[in-house]
Amino acid sequence: MKSAYHYANPAFFTAWAERLTLPLVVLTALAFAVGLYGALVTAPADYQQGETVRIMFIHVPAAWLALFTYGGMAISALGTLVFRHPMADVAQKAAAPIGAGFTIICLVTGSLWGRPMWGTWWEFDARMTSVLVLLIIYLGIMALWQAIEDQVRAARAVAVLTLVGAVNLPIIKFSVDWWSTLHQPASVFRMGGPTIHKSMLTPLLIMGLAYLLLYLTLLIVRMRTELINRRAERLELQALTQEAGR
Amino acid sequence: MSGPYAGFILGAYGVTALVLGALIIEAWRGLRRARARLRAAQSQGDEG
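For the protein sequence lines, the chains are P and G, in the order given.
Going left to right, the first sequence walks through residues 5 to 250 as our numbering numbers them.
Going left to right, the second sequence walks through residues 6 to 53 as our numbering numbers them.
By construction, these hints were calculated from the structure, which means they are not laboratory data.
Every residue, glycine too, gets a C-beta built ideally from N, C-alpha and C.
Among the hints, a few may not be true.
Straight-line Cα separation of at most 25 angstroms, SDA-like style, residue types lysine to any residue; simulated pairs [unchecked claim]: (1) P:K177 to P:L136; (2) P:K202 to P:A49; (3) P:K177 to P:Q242; (4) P:K177 to P:L139; (5) P:K202 to G:Y18; (6) P:K177 to P:L209; (7) P:K177 to P:K202; (8) P:K177 to G:D51; (9) P:K177 to G:L25.
Pairwise CB distance ranges (calculated) [unchecked claim]: (10) G:D51 to P:F128: 27 to 33 angstroms; (11) G:R38 to P:A147: 16 to 22 angstroms; (12) P:G75 to G:L23: 24 to 30 angstroms; (13) P:L205 to G:A41: 24 to 30 angstroms; (14) P:D181 to G:Q47: 51 to 57 angstroms; (15) G:A41 to P:F178: 44 to 50 angstroms; (16) G:R37 to P:D181: 17 to 23 angstroms; (17) P:W126 to G:R38: 32 to 38 angstroms; (18) G:A41 to P:H201: 46 to 52 angstroms; (19) P:P189 to G:L23: 27 to 33 angstroms; (20) G:A41 to P:G123: 47 to 53 angstroms.
Chain G extracted, bound-state conformation:
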């Protein structure tokens, strides 16, 4: 992409990719953490 405004266009798509990427990664990591927490809580209950 060339032209005088290429930086603005690339910047806009870059920021969008960053924010959406952060939302996706945060959601998936949150789910993995929650599952690990539930597994730990269930095994704690089994031991008790």
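Just chain P, with the same shape it has in the complex:
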């Protein structure tokens, strides 16, 4: 039986990633089609929120994936620092812009929901502030990759920053329980199960799946890109060395 290291080997990864990309694209498109139909057509209006509940079907999955992406990056950071696995920093570098995108969607759609519901575009409550901090950390990670030319050193610096920033994940999750916040407590992932009716829960979970499939698709494409760029860079360096040797 082949180990996980075999499947994460760069050459093997490229082979299975190429085969997996098209099926993932198709599944992602299908999931979004079904999820959006549920979110915009079949899900009823909320008795309190009215039609603005439809914003939840894009806001909540974005929040889930913003945290999920960072969690994946934190695991990759351990892979870089502890196991020195060659694919770990590739995954980390590829994931950061995707996570930043999901966080931006979460913040902006949350604001657009909050204005009619709470009467405010923004409040510095624990949940909203900690998600804003998450976005700043994502942007900081992306900037750090660009700032350090030696990509091996950059990977280690980014891994350390990622692990330090991971302390924000439980703060985001439990902020609504630990502090008195404007943002409401959890309605899906909570002790005692979801408090949302299945007519809304089903399209919400399908949209969550759609976002997850999109994340996986983009991650694989970006990782392939990073590996190709590294290979091109090695060949360019080889050509320069040969040229200099003449």
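Assemble chain G onto chain P, guided by the hints.
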């Protein structure tokens, strides 16, 4: 979609489509650029 909050709902879906669209386009363009770069590097190596 009508009602007093239609603008907020359309705005939210619009921003989401924009951000996800930008992520998708950037990822695919990045892959195409990388492949072109590798092809150029390989042909440079063949000539040398």
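For each hint, the structure was consulted:
1. Annotation: proposed proximity of K177 (chain P) to L136 (chain P) holds, straight-line Cα distance about 13 angstroms (limit 25 angstroms).
2. Restraint check: the Cα-Cα separation between K202 (chain P) and A49 (chain P) comes to about 13 angstroms, which is no more than 25 angstroms; the hinted pair holds.
3. Between the alpha carbons of K177 (chain P) and Q242 (chain P) the distance comes to roughly 48 angstroms, so the proposed pair goes past 25 angstroms and is violated.
4. Simply put, K177 (chain P) and L139 (chain P) have alpha-carbon atoms about 15 angstroms apart, close enough for the 25 angstroms limit, and the pair holds.
5. For the suggested pair K202 (chain P) and Y18 (chain G), the alpha carbons sit about 22 angstroms apart, so the restraint of at most 25 angstroms is met.
6. Our distance criterion of 25 angstroms between C-alpha atoms is met by K177 (chain P) and L209 (chain P), whose separation comes to about 18 angstroms.
7. The straight-line distance between the Cα atoms of K177 (chain P) and K202 (chain P) is roughly 23 angstroms, inside the 25 angstroms bound, and the hint therefore holds.
8. Restraint check: the Cα-Cα separation between K177 (chain P) and D51 (chain G) comes to about 54 angstroms, which exceeds 25 angstroms; the hinted pair is violated.
9. Of the supplied pair hints, the one linking K177 (chain P) and L25 (chain G) holds, its CA atoms being roughly 24 angstroms apart against a limit of 25 angstroms.
10. Separation of D51 (chain G) from F128 (chain P) is about 59 angstroms and departs from the stated range, judged on CB atoms against 27 to 33 angstroms.
11. A beta carbon spacing of about 21 angstroms between R38 (chain G) and A147 (chain P) agrees with the range 16 to 22 angstroms that was offered as a hint.
12. A hinted range of 24 to 30 angstroms for the beta carbons of G75 (chain P) and L23 (chain G) is consistent with their spacing of about 25 angstroms.
13. Hint check: L205 (chain P) to A41 (chain G), Cβ distance near 45 angstroms, so the stated range 24 to 30 angstroms is violated.
14. A C-beta distance of roughly 56 angstroms is found between D181 (chain P) and Q47 (chain G), which places it inside the suggested range of 51 to 57 angstroms.
15. A41 (chain G) and F178 (chain P) have their C-beta atoms about 47 angstroms apart, which keeps the hinted 44 to 50 angstroms range intact.
16. Checked against the hint of 17 to 23 angstroms, the C-beta distance between R37 (chain G) and D181 (chain P) comes to roughly 46 angstroms, which is inconsistent with it.
17. Range check, W126 (chain P) to R38 (chain G): about 37 angstroms between beta-carbon atoms, so the 32 to 38 angstroms window is met.
18. Taking 46 to 52 angstroms as the suggested C-beta distance range, the pair A41 (chain G) and H201 (chain P) conforms, at roughly 51 angstroms.
19. In this structure the supplied range 27 to 33 angstroms holds for P189 (chain P) paired with L23 (chain G), their Cβ-Cβ distance being about 30 angstroms.
20. The beta-carbon spacing between A41 (chain G) and G123 (chain P), approximately 51 angstroms, falls within the hinted interval of 47 to 53 angstroms.
Checked against the numbered hints above, the structure breaks hints 3, 8, 10, 13 and 16 and satisfies the rest.
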